[in-house]
Amino acid sequence: MSDNTRKLHYDINVPLSSLSSSSKRKHQAHLYQTRLHQLGYHGIAFCHTAHGRLNLDRDDADVALPWKDILPSAMKNDTNNSTEENSFGRTNNCSRMKIYRRLNIVVEEVSDLSRILLPTNSTIADGTSSSVRELLQKYDIISLQPMNEPALQNICELISSSSSSSSSGGVTNSTASSNNTNYIDILVLEYATGSRGGYGLPYKLRKEYVVKALQAGVTFELCYGTAILDPKRRQGFSRTLIDFQSNYNSIQKKHSLQNKRYPQNKCKSDKFPLLLSSGPRQNFTQGTDEGALALRSPDDVKCLVCHLGGD
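All residue numbers in the sequence shown are consecutive under my numbering, ending with 314.
It is worth saying that the hints were derived from the structure and are not from the lab.
Just so you know, not all the hints are guaranteed correct.
[As the list claims (entries may be wrong)] Derived CB-CB ranges, DEER-like:
# : residue 1 : residue 2 : range
1 : 26        : 255       : 45 to 55 Å
2 : 222       : 55        : 38 to 48 Å
3 : 289       : 27        : 28 to 38 Å
4 : 111       : 134       : 16 to 26 Å
5 : 71        : 234       : 19 to 29 Å
[Stated by the list, open to error] Using 30 Å as the maximum straight-line C-alpha spacing, the simulated DSSO-like pairs for lysine-lysine come out as follows:
# : residue 1 : residue 2
6 : 10        : 101
7 : 210       : 305
8 : 207       : 305
9 : 27        : 141
By construction, the Cβ of each residue, glycine as well, lies at the ideal position given by its N, Cα and C atoms.
Using the sequences and the accompanying hints, generate a full structural model.
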């Protein structure tokens, strides 16, 4: 198969603890890159998770996921380092894998959303003059993980209204562009924790939420790691997968899911807008972190989805 037609596989949710020492973080980053490269992946996004309001000392990309730890080779060549500083991700010179830095924000309180997404409230929680926007711009990928229905509803309404204002042009265009909603790439469907104890999403995934997110160019993500390791969470993974697929199939019959970021794409999407990533590697039943043992090849993930009821 030629390079123009071959599929490229990425695992864009590989958590890396910011509390670990620099040496341990380097070891884990190297281990995960090596393992995923062996499994046939072409890219990896190391993920830092923040809870609620952002803190500059803790959540800055250069503090939580410094390049010198997750990709030491990028620091050896000053020329490559300077040319890739403002690019999307960096390349591992040995494996040729693309490496990205991702921020995942867990949202439980609706009040936190205005501080993250709205410019008038974009001051970091620790009181410094740095803005949320400056912090977000250091990451390659930004995701939000709502933990209840009010949080999910408000997220979808904010990104939808911002997208609509941006596409309408005029005075509202400058207002929309000043929001931080355009930095949001992914909404995480978290089934392993929350009010239902791992047996499903802690909210009802309504069709109107899915429509608003997809029309704004935001996609959804479902992580398989916990489902593989913990039998009690496998049911939650299956329920979430089937629920999302059912919603999307019914939506496709009524809506042309045009991506507002790319208006030229006016036809219905033939791609299922659900990302499958490894995600957290905890076995909640045993209370252990299984590390690289939770990682699976693209073919294994496809088989898992088919076995648990997806297409």
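Hints, verified against the model:
Judged by the Cβ atoms, the range 45 to 55 Å given for residue 26 and residue 255 holds: they are separated by roughly 49 Å. Remark: the range hint 38 to 48 Å for residue 222 to residue 55 is contradicted by a beta-carbon distance near 23 Å. A hinted range of 28 to 38 Å for the beta carbons of residue 289 and residue 27 is inconsistent with their spacing of about 22 Å. Remark: the range hint 16 to 26 Å for residue 111 to residue 134 is upheld by a beta-carbon distance near 22 Å.
The hint said 19 to 29 Å for the Cβ distance between residue 71 and residue 234, and at roughly 39 Å that hint is violated. Between residue 10 and residue 101 the alpha-carbon distance is near 15 Å, which keeps this suggested pair within the 30 Å criterion. The suggested pairing of residue 210 with residue 305 holds, with an alpha-carbon distance near 25 Å, which does not exceed 30 Å. About 25 Å separates the Cα atoms of residue 207 and residue 305, which keeps this hinted pair within 30 Å; it holds.
Restraint check: the Cα-Cα separation between residue 27 and residue 141 comes to about 23 Å, which is no more than 30 Å; the hinted pair holds.
The structure fails to meet hints 2, 3, 5 from the earlier list, while all remaining hints are met.
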